[in-house]
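Undergrad: Take a look at the letters that make up each chain.
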Amino acid sequence: AQSVTQLGSHVSVSEGALVLLRCNYSSSVPPYLFWYVQYPNQGLQLLLKYTTGATLVKGINGFEAEFKKSEASFHLTKPSAHMSDAAEYFCAVSDPGGNNRLAFGKGNQVVVIP
Amino acid sequence: NAGVTQTPKFQVLKTGQSMTLQCAQDMNHEYMSWYRQDPGMGLRLIHYSVGAGITDQGEVPNGYNVSRSTTEDFPLRLLSAAPSQTSVYFCASSYSTGRLYEQYFGPGTRLTVT
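Heads up: the sequence lines are chains A and B, in that order.
Take the first sequence: its position 92, counted from the start at 1, is 92 in this note's numbering, and no numbers get skipped.
Take the second sequence: its position 5, counted from the start at 1, is 5 in this note's numbering, and no numbers get skipped.
For the record, the hints were derived by calculation from the structure and aren't laboratory data.
All residues carry an ideal CB built from backbone N, CA and C; glycine is no exception.
Treat the hints with caution; some may be incorrect.
Simulated pairs of lysine to any residue, SDA-like, Cα-Cα distance not exceeding 20 Å [to be verified]: (1) A/K106 / A/L48; (2) A/K106 / B/P61; (3) A/K106 / B/P39.
From the structure, some residues in chain A lie toward chain B, with a derived Cβ separation under 7 Å [said to hold, decoys possible]: (4) G43; (5) L44; (6) F104.
Bound conformation, chain A alone (with noise of 0.2 Å):
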């Protein structure tokens, strides 16, 4: 079965500083890997994901991931925190042979500090 670890459930970030969330996953094959954003009482949002090719993945809102087969890793980054990132975000792994079902992390909710 697949698995995602997201550590450290809160994570505060000042403006302007780097953003780095973690995320190490288990899957017995090459997974798809996906980033979500969780803005306060609404739906999630995909930021991006990886599926084939290229392992440094871009997403919307100047977001990235880079795909580490080695580690097992799919960490995100963004260069410099906006207040409006301020959200929960949720890492979540889906094995592309099967239903398309989804496990997530128990994510990261970011706060940002002026």
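Start from chain A and add chain B according to the hints.
TA: For chain B alone, kept in the frame of chain A given last:
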């Protein structure tokens, strides 16, 4: 397109009451699913459907029933609500299984069981 819609937005139930959470999508997606979101737990899959007339259990199916009579609708039924079912419920949809398609999430239903 309205995308994925969920009703109601908020609901309070007493223990033992039954209710149905509604989910509809107008994107002609074959795949639909229900998740529950609890603090510190991420999203967990309750039930999913790969097409009209076909449903299957996810990670946490106990206490919930689903059916899929049309492509557009995927209601989630609580037969006898329990306080442990207090949660935020999200419905999602995507195109087919077997290939990677982005899942689109509804805005959620916040359920409280007293």
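Undergrad: Does each hint fit the structure? Answer for all of them.
TA: Quick rundown of the hints versus the structure:
no.	hint	result
1	A/K106 / A/L48	holds, 18 Å
2	A/K106 / B/P61	holds, 19 Å
3	A/K106 / B/P39	holds, 8 Å
4	G43	holds, 4 Å
5	L44	holds, 4 Å
6	F104	holds, 4 Å
In the structure shown, no violation is registered for any of the earlier numbered hints.
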